[in-house]
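**Student:** Chain by chain, the residues run as shown.
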Amino acid sequence: MSSPPGEPRKIGYLYILPALVVYGLFLLYPLGRAVHLSLFEWDGISLGKFVGLSNYADVVADAGLRAAFGHALVLIVFYSVLPVVIGLALASVLQRARVRGLAFFRTVVFLPQVVAMVVVAVAWRQIYSPDGPLNDVLRAVGLDGLARGWLGDYAFALPAVGVIGTWFETGLVTVLLLAGMARIPRERYEAARLDGAGSVAEFFAVVLPAVRGEIAVAVTLTVIAALRTFDLVYVTTSGGPGTSTSVPSYEVYHRAFELGQVGSAAAIGVCLTVLIFVITLGVNRIADRA
Amino acid sequence: MKVVALAAAALLLATACAPGSETPEGGASAPSSVKTDAASLGDVSLTVWDQEVRGGQAAQMAELNKQFQAKYPNIKLKRVSRSFDDLKTTLRLALSGNDAPDVVQANNGRSDMGEFVKAGQLVPLDEWAKAYDWGSRYAASVMQYSRYSADGKTFGEGNLYGLPQVGEVVGLYYNKEKLTKLGIQPPTTWAEFEDALAKAKAGGELPMQLGNLDKWPAIHVFGTVQDKTTPADQITTLAFGRPGASWKTPENTKAAENLVSWVDKGYFNSGFNGQGYDPAWQDFGKGNGVFLIAGTWLQADLQKALGTKVGFMLPPGTDAGAKPVITGGTGLPFAMTNKAKNKDAAAAYINFITSPDAMKVLTATGNLPIADTAQQQEPAGLAKDVFAAFGTAVGEEGLVPYLDYATPTMYDTLGAALQDLMAKKATPQQFVDKLEADYSKFAGK
Numbered sequence: 001m002s003s004p005p006g007e008p009r010k011i012g013y014l015y016i017l018p019a020l021v022v023y024g025l026f027l028l029y030p031l032g033r034a035v036h037l038s039l040f041e042w043d044g045i046s047l048g049k050f051v052g053l054s055n056y057a058d059v060v061a062d063a064g065l066r067a068a069f070g071h072a073l074v075l076i077v078f079y080s081v082l083p084v085v086i087g088l089a090l091a092s093v094l095q096r097a098r099v100r101g102l103a104f105f106r107t108v109v110f111l112p113q114v115v116a117m118v119v120v121a122v123a124w125r126q127i128y129s130p131d132g133p134l135n136d137v138l139r140a141v142g143l144d145g146l147a148r149g150w151l152g153d154y155a156f157a158l159p160a161v162g163v164i165g166t167w168f169e170t171g172l173v174t175v176l177l178l179a180g181m182a183r184i185p186r187e188r189y190e191a192a193r194l195d196g197a198g199s200v201a202e203f204f205a206v207v208l209p210a211v212r213g214e215i216a217v218a219v220t221l222t223v224i225a226a227l228r229t230f231d232l233v234y235v236t237t238s239g240g241p242g243t244s245t246s247v248p249s250y251e252v253y254h255r256a257f258e259l260g261q262v263g264s265a266a267a268i269g270v271c272l273t274v275l276i277f278v279i280t281l282g283v284n285r286i287a288d289r290a
Numbered sequence: 001m002k003v004v005a006l007a008a009a010a011l012l013l014a015t016a017c018a019p020g021s022e023t024p025e026g027g028a029s030a031p032s033s034v035k036t037d038a039a040s041l042g043d044v045s046l047t048v049w050d051q052e053v054r055g056g057q058a059a060q061m062a063e064l065n066k067q068f069q070a071k072y073p074n075i076k077l078k079r080v081s082r083s084f085d086d087l088k089t090t091l092r093l094a095l096s097g098n099d100a101p102d103v104v105q106a107n108n109g110r111s112d113m114g115e116f117v118k119a120g121q122l123v124p125l126d127e128w129a130k131a132y133d134w135g136s137r138y139a140a141s142v143m144q145y146s147r148y149s150a151d152g153k154t155f156g157e158g159n160l161y162g163l164p165q166v167g168e169v170v171g172l173y174y175n176k177e178k179l180t181k182l183g184i185q186p187p188t189t190w191a192e193f194e195d196a197l198a199k200a201k202a203g204g205e206l207p208m209q210l211g212n213l214d215k216w217p218a219i220h221v222f223g224t225v226q227d228k229t230t231p232a233d234q235i236t237t238l239a240f241g242r243p244g245a246s247w248k249t250p251e252n253t254k255a256a257e258n259l260v261s262w263v264d265k266g267y268f269n270s271g272f273n274g275q276g277y278d279p280a281w282q283d284f285g286k287g288n289g290v291f292l293i294a295g296t297w298l299q300a301d302l303q304k305a306l307g308t309k310v311g312f313m314l315p316p317g318t319d320a321g322a323k324p325v326i327t328g329g330t331g332l333p334f335a336m337t338n339k340a341k342n343k344d345a346a347a348a349y350i351n352f353i354t355s356p357d358a359m360k361v362l363t364a365t366g367n368l369p370i371a372d373t374a375q376q377q378e379p380a381g382l383a384k385d386v387f388a389a390f391g392t393a394v395g396e397e398g399l400v401p402y403l404d405y406a407t408p409t410m411y412d413t414l415g416a417a418l419q420d421l422m423a424k425k426a427t428p429q430q431f432v433d434k435l436e437a438d439y440s441k442f443a444g445k
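These protein sequence lines map, in sequence, to chains A and B. Sequential numbering from 1 applies to the first sequence in the UniProt record's numbering. Sequential numbering from 1 applies to the second sequence in the UniProt record's numbering.
Isolated chain A (complex conformation) (with noise of 0.2 angstroms):
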């Protein structure tokens, strides 16, 4: 008499075994391998030296790098909360207002994150120059004294990198909302109206629990984009002026391929895979939760 399905279960990890090795070979291994090399002094060619958790302490010890880590941080409020409360806003008026063409109007929405980061970012940086196009509206509408090179400016170097993350991340928000919005059934929103709620009310009450689900996924996806942000800055600002817009996916760059660093740039690389995981998994956690 044969075994029911999936006995012996030893069977089962064969079937997944491919998956397995596709995923120790092309993440398990560089992933450990860089741990590996964060604890050498290493220039990319000649003999490596044992450093031990020195490229960690640096990590910490360097105020440079501690700015970086900062400078990510305020990367999260324009990639992802302003994304996620602008999307919104504009997913329950476009799912509120069965407006005509809503297909057409999702597309415009969505449609910076089919552009390419690097295609965007050379784009800002035309509309950012001094006599680009921001500063011309500004001109025309009498506020010379706000006209400035964006970003080269200490102040606003960094947000007007984040205005150019929370312009291409709203789109992807808003979609993913549209589609838990109108997954919605009519009767809730109907049963909220005879308990005499008002827009405000209904959409605290009905929509908002109904998308934590995707919510949770939005912030998520645009809070790891916030912190591997490489491409924007690299082309932008390449972390200026001065060094107010470096962050930690540009300085792995900057140090391993130009600096000649390859420990301490992995030691850096796998403190941000550290705090990547350590966010993603407490936001999900919350969201889970509530």
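If you are wondering where the hints come from, they were derived from the structure by calculation, not from laboratory data. Any given hint could be a false lead.
The calculated lysine-lysine pairs, modelled on BS3-like cross-linking and capped at a C-alpha distance of 30 angstroms, are [said to hold, decoys possible]:
1) A:Lys49 x B:Lys88
2) A:Lys49 x B:Lys339
3) B:Lys153 x B:Lys441
So, partial list: chain B residues that the calculated Cβ filter (under 8 angstroms) puts toward chain A [unchecked claim]:
4) Pro19
5) Glu115
6) Lys118
7) Asn212
8) Asp214
9) Asn258
10) Ser261
11) Gly266
12) Gly274
13) Gly276
Backbone N, C-alpha and C fix where the C-beta goes; we use that ideal spot for every residue, glycine too.
Please build the complex by placing chain B on the supplied structure of chain A, with the hints as guidance.
**Tutor:** Below, chain B alone, put in the same frame as chain A:
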């Protein structure tokens, strides 16, 4: 899954050895005897990696390779051509591989050529330099850019590790039409130059274009100012990152103060830290701005944009007869790898593409040859100015290296420090302190 990851990592740590242990230690050494008769070397195949991919650069390489093949049919050339960035990122791996190229174009700086020398991947060319008499063709101030000590620690002196084909120098582009309109002659002294800036400002023109968003462009402007305040040998020591000099000197502080005073007087376009490098020189090309401090690499583009309106000169000295001190350097030198199968053939190739005849081919294809500039049939227009300026700079041994060569981190430190300085986020004193910290940390080793 976490357990698997940990186990994998632990296994790795236990078994793997130190990174880089597969590459040889110590410097490669030069052979004691060399052969210069390439035709007698028998059948040889030579793999060459270069980055001469664009327009006239590609044309000269193709032409020279064709001539080389015609002269030495026994040496079979295999050319691999990549863009600068591609070459820079792939060369490290290629050199340590078993199938390494014989001749490569390697960037002069510490992060490339210096590292390769340290790892013993390049062969010193001094024996061939003697045999082919390269010293009579190349100025010492040019050859210093390809010199390293055998351990790669000292840059600018020691063994010769490569020969460049083309030169570059940072000078003043000026708009002739605007100077005429303002009633100013092209300046012949530094004081006249600053005077011209003031007059341009007073005349309602933008005195100088600068786009410093990319961080590095101000390095050339600062270098030009520093060349006037600081003795050339001190700049050379600082820029090669050798011990024995200091950033914290009155001369360097004065250079920084001078640059800040230009910002205060409004000699630069507003928002220069937020303007890209390309938009800035393109704007100069559209006729905005009287002066532009930039390298000879912009020659073709500015000629096209401004035609007869644009001129080029070396930054004037403190007085008309002063010896020129000019930031400049060389194109990427051609170097020989220690895996080159026939080193005499590789040397013969390097000699061929840098010979006096090769310099003529370079000129004919619109490049700026690094040697024998005076012997070339001078082209017309802006190129004539550029040739004359470079000839003077090299002829009088006036080249000083780019300041960002100094340490592996100086490109970034200096770029960021200059943005801080020119945005008034740092005083000239803080500026030199920051550079000194980077320089002494490296040169002190």
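**Student:** Can you give the numbers of the hints that this structure goes against, from lowest to highest?
**Tutor:** Hints 9, 10, 11 not satisfied by this model.
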